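Go ahead and model the full structure; you've got the sequences and the hints to work with.
In order, the protein sequence lines correspond to chains S and A. Just so you know, we're using numbering that gives the first Met the number 0 here: the first sequence kicks off at 0 and counts up by one. Just so you know, we're using numbering that gives the first Met the number 0 here: the second sequence kicks off at 0 and counts up by one.
Calculated from the structure, these hints are not laboratory results.
Pairs of lysine-lysine, DSS-like flavour, derived with a Cα cap of 30 Å:
(1) S:16 x A:54
(2) S:16 x A:190
(3) S:133 x S:53
Since this is a predicted model, take the numbers as computed values, not measurements.
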Amino acid sequence: MEQLMKFSISNWSANQKLAAIVGILGFFALFAGDPYQGSTATIDTRELGVLVQKEVDHVSPVELAEWIIQGRSDFRLLDLRASEEYAAYHIPTAENVSLAGLSEYPVERNEKIILYSDGGIHSAQAWFFLKAEKYPGVYILSGGLEEWKDAVLFPSLAENAGPAERAAFEKMNEVSKFFGGTAQTGSSQEKISPQVAMPKLDMPSTTAAPGMAKKKKKEGC
Amino acid sequence: MNAPFFKFGLFGDDVSLVVAFVIGIGFGFFLERAGFGSARKLAAQFYLGDLTVFKVMFTAIITAMIGLYYLSVIGLVDLSLVYISPTYIIPQTIGGLILGLGFVIGGYCPGTSCVAAATGRTDGIVFLLGVVAGIFVFGESFNLIKEFYSSSDLGQLTFPQLLGLPYGLLVFAVVLMALGGFAGAHWLEKKFGPKGIWSNS
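Now the structure itself:
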């Protein structure tokens, strides 16, 4: 009896109290359910509206070009066009996904995802799907592949350009060469027909199979 | 505000470096305060005389586990956004064995060697030089081992997925393991305990 009297919580050491708390929390975990939030798509239209209005969900072609040149591997670039178009030309490092196949495509919620299509419609629609499924890091290549051609592959300089514009153009010239394009100067500039002039895919393309594209992150104790 | 903060865009790349720095300093500070700047203390674990390392690490694991579990159950953390290292079972097993060998021989693991070096211990500095040399050799020979390095890819596995058990049950099981481990460690320390060279002081 006396033994039992002594068994009161006030006599416990700090360690024993902590152990008891952990034990209780662990026990209640049995009934508290699954911590992963379900995949039911609910949309906060106002939040999405604000995002769209602020255009924080856009990546410009020039920005993307710089990231590719820097060899950054912290994003996944998804090409939403048909596979034949993808085979004919795609931005280096891009992976081909169809809109219909997007929900099964292995991209993780914790990845930064950049979408592009010919113009902007398909990528905007895919953006909406992914946002609804609570992917936070989804971006659209603004202007799509059209803008990529105009701004990165075949940038052009107006005849009456000022010195600052000329300097920027010189820089873009280098970027354009990296991707196998050619810069357009002077009055001779004409819209180059993409079918003829699109660069070959032997440029610094590091396209990998979808499964291979997962980047390993180093972590340790 | 929901976590993970970086993924939800609360701060950008630059601030994330500052956050990493602060967390790193905190991690180092508590390693040092736990006595992990001393190779004697760390090596004593392998003689079963002082299991502080085991107890501290397991305490950290269950604290983080219970914290993350309950925070995500009440909806403050979105666990699906938390990065999980993919499992490459064979290379990781071999890497673990190499790290363990290095730990037994050198008396430090990478984190604690930084702590030891920062507090001016010569052995810690030498160990850290070895770490840097090892990283260099690994980097230079990466092409030779690249295939092995990414072999047996099992993806981002978690135990609830692997075993098909409810998440909460796993939490409870790990808590029981920890409590059993602590009791076992207590018993071992009494038996092989700190009378003699593996003194705590």
